[in-house]
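We have chain A; now place chain B with the ligand onto it with these hints.
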Amino acid sequence: MKEVHYQDIVNSVASMCQDANYELGEDVMNAFKNAAKQEVSFMGKEVLNQLIENANIASSDRVPMCQDTGVSVFIVELGQDCHIVGGSLYDAINEGVRNGYEEGYLRYSIVDDPIHRKNTGDNTPSVVHIELVPGDDLVIHMSAKGGGAENMSRLQMLKPSDGLEGIKNFILETVQIAGPNACPPLVVGVGIGGNFEICAYLAKKSLFRPVGERSDQQHVAKLEEEIMNDVNKLGIGPQGMGGSTTALDVKVELAPTHIAALPVAVNLNCHASRHKKAIL
Amino acid sequence: MSRIKIDVPFKNESEITSLNAGDQVSIWGTIYTARDAAHKRMVEHLEAGKELPFDIKNQVIYYVGPTPAKPGAVVGSAGPTTSTRMDKYTPTLLDLGLKGMIGKGYRNQDVVDSIKVNKAVYFGAVGGSAALISRAIKKVEMVAFEDLGTEAIRKIEIEDFPAVVINDIEGNDWYKMAVEEYCK
Ligand code: SF4
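Which chain is which? The protein sequence lines are A and B, in order.
Heads up: the first sequence begins at 1 in this note's numbering, then just goes up one per residue.
Heads up: the second sequence begins at 1001 in this note's numbering, then just goes up one per residue.
Derived by calculation from the structure, the hints in this document are not laboratory data.
Just so we're clear, the structure is a prediction, and the values are computed from it rather than from any experiment.
Don't take each hint at face value.
[Stated by the list, open to error] Using 27 Å as the maximum straight-line C-alpha spacing, the simulated DSSO-like pairs for lysine-lysine come out as follows:
no.	chain 1	residue 1	chain 2	residue 2
1	A	Lys118	B	Lys1155
2	B	Lys1070	A	Lys277
3	A	Lys33	B	Lys1184
4	B	Lys1119	B	Lys1011
5	B	Lys1088	A	Lys33
6	A	Lys118	B	Lys1088
[Stated by the list, open to error] Examples of chain A residues toward chain B, derived with CB under 7 Å:
no.	residue
7	Ala58
8	Ser60
9	Met65
10	Arg107
11	Asn229
12	Lys233
For every residue, glycine included, the Cβ atom is placed at its ideal position computed from N, Cα and C.
If we strip away everything but chain B, and leave its shape as in the complex, we get:
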C-alpha cells in the first residue's frame, strides 16, 4: 500500500478534508514538539493573556519527549507518547488554529469533536519505534521552555515521517474501526 504524501504546515483545508481514518501517510515539512509540561504551560500562558511561543495556525504538534542526541546526531530516539494526556489542553489549541497532531493512542470525545468542528486531523505513529522514526528528523531547533528539558518545545524538520490517520474530520476513529474488523 502506498503512503499519501502530506506537506506541513498545511496550506489548504482540502489537504485535511481529503484524509480518511486508516490512510497511511508520509509527512514532510516543519512541525513542533510538545508534551505534558509544555501543553500545561502553553495553556497557562493563554489564560494569563500571554501569546503562545509560536504561531500555531495550520501547524502540526508532535507529542514527543526525545532522548538526548548523541554527539554528532541531530536528535536522539523520538517516538510518539500517549496522546490522551494532552486531551485536556487540545481543544483550546485546535480553536486557535492547530490543524494536526501526531501521537499514539485514543483521544477523548471532546478532542474527537473538536477535530471535526475545526477540520483538523490526528495521526498515529508507531509507539516504541523511536530509533527508526528519529531518522525522519533532519533538523531540530529550540523554540521555548528550554528549562523543561526533554519536554521543551522544539521546531523540527521531517522527511518521510510514517503515520496513519486515526481521527478524521468525519469523526471516524481508525483504532475503533480496526478493532471491530479483527475482533472475533
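Extracted from the complex, chain A is given alone in its bound form:
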C-alpha cells in the first residue's frame, strides 16, 4: 500500500493555492486570445486585451490576478490503496490553504458563520469533496472560486416534460440574470440529473475540466456546443460591455436520475477560472 505523508499534502496544497491565483492556465489564456480575435465589439475586445495584460502582470509579478482569491475548493480522488500517514486529509488540506494564503499574500474571504459573519482570518475552512477511486494515487484538484460568479449560480428541479428545451432555457436565463455581475466571459458549468445535491456537485465538477475540452460523450459534446452558441448570442459580452464573447466555454455533466425528476444546476465561473492539479 502506498503511503502519502501529511506534510507533502500540506506543501502541495499551499503551492497550488498560490499558483492558481498567480498563473492563469494556458487553457484560459488561449481562450482569451482566440476570443480577442473574434470579438465583434470594440469595448469587448478592449476588455479581453486588458484581461490578457492583467494575467501577464499577475504571473510576472507573482500577484493574484483577481483580488477575490476565492473559496478554495478541492476535488480529491483518493485511491483506495493509498494510505495517508501523519494526520487527517482534511487537516492537511486546510493547513495547506492556511500556509498558501498567508505566505502568498492572498485574501482571506471566508466568514465563520453565515449570520454572524466573522472572518476566519486564514481562508479556511476550504470545501473538500472526496471521491474514492481504484488505485493508490492521491490526485488533488484545486480551484479558487470567486464569489461574484458563484453568487449568480442557480439550481432548478425541472419536470421531465420540460426536456432539452427547458434545460437550455434555464441555462440561458441564468447567464442573462448574471449579466456583468459574474465577470464574463464565463465558463458555464452545468449539471443535469442526479438529485438535488448531486446535480449541484456535477456542475461544480464540470468547471474543473480544461477550457476548450469537449465531453467525451458525443451527445453531451453536441449539447455543450449548442448551448455555447446560444449563450454567445445573448450580447452580454466581456464584462457586460456588449459583444459576442459571453462564454469562453460550456461544460455539461450528466447523472442518472429519478423517473419524476429533471434537476438542472448551473454553476457559473468567471473568466478568472483558476484550477490546478497535483498527483501524489
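What follows is chain B with the ligand alone, placed relative to chain A:
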C-alpha cells in the same frame, strides 16, 4: 477611442452632468474604498446619530477588498467587487453628497433613480483585472474600521484608473444598452 480624464473628488456638477453612459474614462485623484461590511457599519453609524468616518461630499467610493500588499508594494491586487450588494445602503450615501461609485455589475432601480436625483455617476471597472488596476493605485491610507481587514475604509490615490460610465444622470444604463446592441 480616447478616454475622458476625470479628476476626483468632483468640484463642479458639470463634470458629472457631461458624462454619458458608455464613456470610457480615466480617473485621477483621491477616492475611498468600502465594501459590504464597511457600508453596513457606515449606515449603522448614521442610524445611531454618529458621523461618517470621512466627509462624503463630492467623493467617490470604490467597491474593493484588496489582497494584502506584498512587502514593498503600495497595495495588493485591487479589482472591483459586485456593486449590487451595496445597493441597500447607497441611496442614503448619495443623499449625503456621495457623487461617484466604482464597481462592477448592475445597480438596482432605487440606486439608478437616486443617481439621477442626486446627479451622481456609477462607473464600471473590469472585474478580475485586479493586478492591472492595482498599478493605478499610488498611495493607500487607513481611514476607519481597521478591524474589518480587507473590508476597512481606506483613502487611496489613483492615477489613470480605467473605467466606463455605466449609469449617468439621465437614468441610462450602459450594460443594458450594450446588450441590446449585440443581442442577436
Ligand atoms: S467574479 Fe471572478 S473575476 Fe470577478 S471579481 Fe469575482 S473572482 Fe474576480
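Hint-by-hint comparison with the structure:
1. A:Lys118 <-> B:Lys1155: holds (24 Å)
2. B:Lys1070 <-> A:Lys277: Between B:Lys1070 and A:Lys277 the Cα gap is close to 26 Å, so the pair holds against 27 Å.
3. A:Lys33 <-> B:Lys1184: Since the Cα atoms of A:Lys33 and B:Lys1184 sit roughly 23 Å apart, the hinted pair holds (cutoff 27 Å).
4. B:Lys1119 <-> B:Lys1011: holds (13 Å)
5. B:Lys1088 <-> A:Lys33: At roughly 38 Å apart (the allowed maximum being 27 Å), A:Lys33 and B:Lys1088 break the hint.
6. A:Lys118 <-> B:Lys1088: Judged against 27 Å, a Cα distance of about 21 Å means the pair holds.
7. Ala58: With a closest approach of 4 Å, the A:Ala58 hint holds.
8. Ser60: violated (9 Å)
9. Met65: Holds. Min distance 6 Å.
10. Arg107: holds (4 Å)
11. Asn229: With a closest approach of 10 Å, the A:Asn229 hint is violated.
12. Lys233: It holds, given that the least Cβ distance between A:Lys233 and chain B is near 4 Å, below 7 Å.
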